[in-house]
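Participant: Each chain, written out:
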Amino acid sequence: MSTVARPLPSSSRVPGWVGSLASTDHKRIGLNMGLCSLFFFLVGGLMALMMRTQLAQPATHFVSDETYNELFTMHGSTMIYLFVTPMALALGMYLVPLQIGAARIAWPRIAVSGFWVWLAGGVVMQSGWLTEEGAGRAGWFAYVPLSNSSNTPGVGQDLWTLGVLLAAVGMTLIAACLLATIASRRAPGMSVLRMPVFAWTSFVSVLMVVGSFPVLVVTMALLYAERSGAHIYVGSEGVIDYQDMFWFFGHPVVYVMFFPYLGCAAEAIAVNAHKRWFGYKAFVLSMLAFSALSMSVWSHHMFTTGGVTNQYFAFTSTMLVVPAGIEYFDMIGTLIGGALVMRVSMLFALGFFIQFLIGGLSGIFIASPVLDYQAQASYMIVAHFHYTLFAGSVFGFFAGVYHWFPKITGAFLRESIGRVHLVLLAIGTNMTFGPMFVLGEEGMTRRIAEYPQHPGWGTLNLIESIGAGIIAVAVAVFLFNVWVSLRERVPAGDDPWHGHTLEWATSSPPPRLNFERPLPPITSYAPLLDLRERAARDAGAAS
Amino acid sequence: MRGGALPVIVWGCLLGALMATNAIWTGDTIQIGDYAYAMLTIVTIVLALALTSRRRALRRGAPERDERPEAVPDISFGAALAAVGFAALIFGLAFGHFFIYFGAGLMVLGLARVGAELRSQRRTVELHRTSSPSPAQVRRERAP
Numbered sequence: 001m002s003t004v005a006r007p008l009p010s011s012s013r014v015p016g017w018v019g020s021l022a023s024t025d026h027k028r029i030g031l032n033m034g035l036c037s038l039f040f041f042l043v044g045g046l047m048a049l050m051m052r053t054q055l056a057q058p059a060t061h062f063v064s065d066e067t068y069n070e071l072f073t074m075h076g077s078t079m080i081y082l083f084v085t086p087m088a089l090a091l092g093m094y095l096v097p098l099q100i101g102a103a104r105i106a107w108p109r110i111a112v113s114g115f116w117v118w119l120a121g122g123v124v125m126q127s128g129w130l131t132e133e134g135a136g137r138a139g140w141f142a143y144v145p146l147s148n149s150s151n152t153p154g155v156g157q158d159l160w161t162l163g164v165l166l167a168a169v170g171m172t173l174i175a176a177c178l179l180a181t182i183a184s185r186r187a188p189g190m191s192v193l194r195m196p197v198f199a200w201t202s203f204v205s206v207l208m209v210v211g212s213f214p215v216l217v218v219t220m221a222l223l224y225a226e227r228s229g230a231h232i233y234v235g236s237e238g239v240i241d242y243q244d245m246f247w248f249f250g251h252p253v254v255y256v257m258f259f260p261y262l263g264c265a266a267e268a269i270a271v272n273a274h275k276r277w278f279g280y281k282a283f284v285l286s287m288l289a290f291s292a293l294s295m296s297v298w299s300h301h302m303f304t305t306g307g308v309t310n311q312y313f314a315f316t317s318t319m320l321v322v323p324a325g326i327e328y329f330d331m332i333g334t335l336i337g338g339a340l341v342m343r344v345s346m347l348f349a350l351g352f353f354i355q356f357l358i359g360g361l362s363g364i365f366i367a368s369p370v371l372d373y374q375a376q377a378s379y380m381i382v383a384h385f386h387y388t389l390f391a392g393s394v395f396g397f398f399a400g401v402y403h404w405f406p407k408i409t410g411a412f413l414r415e416s417i418g419r420v421h422l423v424l425l426a427i428g429t430n431m432t433f434g435p436m437f438v439l440g441e442e443g444m445t446r447r448i449a450e451y452p453q454h455p456g457w458g459t460l461n462l463i464e465s466i467g468a469g470i471i472a473v474a475v476a477v478f479l480f481n482v483w484v485s486l487r488e489r490v491p492a493g494d495d496p497w498h499g500h501t502l503e504w505a506t507s508s509p510p511p512r513l514n515f516e517r518p519l520p521p522i523t524s525y526a527p528l529l530d531l532r533e534r535a536a537r538d539a540g541a542a543s
Numbered sequence: 544m545r546g547g548a549l550p551v552i553v554w555g556c557l558l559g560a561l562m563a564t565n566a567i568w569t570g571d572t573i574q575i576g577d578y579a580y581a582m583l584t585i586v587t588i589v590l591a592l593a594l595t596s597r598r599r600a601l602r603r604g605a606p607e608r609d610e611r612p613e614a615v616p617d618i619s620f621g622a623a624l625a626a627v628g629f630a631a632l633i634f635g636l637a638f639g640h641f642f643i644y645f646g647a648g649l650m651v652l653g654l655a656r657v658g659a660e661l662r663s664q665r666r667t668v669e670l671h672r673t674s675s676p677s678p679a680q681v682r683r684e685r686a687p
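Protein sequences appear in the order of chains C and B.
Going by the working numbering, the first sequence opens with residue 1, and the numbers climb by one from there.
Going by the working numbering, the second sequence opens with residue 544, and the numbers climb by one from there.
None of these hints come from the bench; they were simulated from the model.
Fair warning: there could be bad hints in the mix.
Chain C stretches covered by chain B per the calculated footprint, using a threshold of three residues with CB under 8 Å from any CB of chain B [as the list claims (entries may be wrong)]:
1) 106-117
2) 150-160
Label-pair restraints from in silico Cβ distances [what the hints assert, rightly or not]:
3) Ala566/B with Ile336/C: 41 to 51 Å
4) Ala535/C with Glu607/B: 38 to 48 Å
5) Leu361/C with Ala563/B: 29 to 39 Å
It should be emphasised that the depicted structure is a prediction, and the values quoted were computed from it without experimental measurement.
From the three backbone atoms N, C-alpha and C, an ideal C-beta is built for every residue, glycine too.
Based on the provided sequences and hints, a complete structural model is requested.
Facilitator: The following block contains the structure:
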């Protein structure tokens, strides 16, 4: 799009990691953020393993009750604020400018600042572990009055509050850059209705981020003031007000943790089916409706408080099945008649759609206040959101990793090791989160360090704990795969999968300004597929 | 830039409709306030896009070729420093006043550095403009 004059005289490249940490290259920022998120994923996973060890049997005293509270708080916070959400933004930061044919992002300095503020937020949040009273322990939502200074005293909870505030500021800045990039730096010919599917999913996600995350920043600032002695969330109304503000962020973020991974799975499916994504315009419209609706369902987290209009939020929550159904319909439409190649990325993408379905269908039940009253605070809810966020989003994430790893590094990930990774992860995931539905239905309460000796509960919990161990092994296999693939590189070339979108029209890894060759003509959301189809038609006509 | 504001407007309209139904159905002040913030953000984004693009962001179609030169920074220590300063300032609220002053100092240094970087960026573009022919001149020279 833009002609680049020359690099700044004052900004000669600084080699090594020092230069890369302050780089304004969107790919570097995306990679930095992605790698830090991955580190936090391992930290959060370690916490999950400790919790599952504690819960493996009814009276296991692996950690104290206080430590358990810290673990479940920090596990949820780490996964949501420091892994799944920022990873979604990191993928967008790396891939979206490439997909829309931009040489660089808009507002690169804001993006650098966003990365650093977010990372500092993560460090501040985790630094609570080093304090005398321990880390934050009022849940990832920090409801008042539980999270006020009388009920949760200590610097650890303060650090948690400020860490969340910083992470939210950082992610908002990153999202603002992505939004500005999509709005203002698309290549000539790249109209909004020619943006690739992944770019659209990122676009609606960043709209939701800028529309809801600042509310979390305000909520956390007020919570910090409350903890410092101000009376802000007073009485029962104050409690409901806090929840209304928190969940105005807290539900949209669920979809920020879903849409970009849906985009990853959709791209992997379309490319591996050798077919363009079915029903593109319906998909785009449904994404816009889906994201707007998902900004309007937050109080279904508050059905049992008695402080919200349940009918309205039950209505909007149930409406979500319509756009969700369109996405599934598009996915099936893409598969039908396609020349399917079952690469690891394709298998992860299919795993994403199948397993997310379990999370989505269980969501329909708890979108009904009558049923939600029964399921509230039970393991049913834990199963539901882990099926959406882990069995769903993380599978979509791995689909994206296997799909774009050759573009990012120039080398293939090993398919054989990838299959072992997939199988272990699928087994571990379903062993860990499947039995939670049964436990929830039988009334096992969530957020407890110990549970009563109830027939069958010990066995089901043991199965879950073994499943968590298998997930850990699967993640270790993935890391081994990355290590092997980077150590003994199998060169991938620029377009190993015959991709559809513009990122496959440049070298692997892409150069500093993304495209050194002229871009192909952009005539649809799959310009490279257009090019190949045109070449095939021309060849057919010539013969 | 062309068309960049259109999906934001569509999304804002959908959100506005949901805000209206929420206001009618619940009448809850905090909830309407939440929505109002989101709507305000959307309106601000649309206005900013429309103003900076001379309303091209509101028109349908694909972006045109933009041949204006621009300088691209490789790194920005100023932005990183300002961000770390801001984080240190916030950290200081919970962990000692020293960090508040230290963070504020870092932020000022970082912002000053960003200012210098932006000035250098502008100079580079000006230098490029004066040393190379404009696209109009090139077209005139190429014309038969």
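Participant: All the hints need checking, so say for each whether the structure fits it.
Facilitator: Comparing the hints with the structure gives:
| no. | hint | result |
| --- | --- | --- |
| 1 | 106-117 | holds (count 9) |
| 2 | 150-160 | holds (count 3) |
| 3 | Ala566/B with Ile336/C: 41 to 51 Å | 43 Å, holds |
| 4 | Ala535/C with Glu607/B: 38 to 48 Å | 27 Å, violated |
| 5 | Leu361/C with Ala563/B: 29 to 39 Å | 30 Å, holds |
In terms of the numbered hints stated before, the structure departs from hint 4 and from no other.
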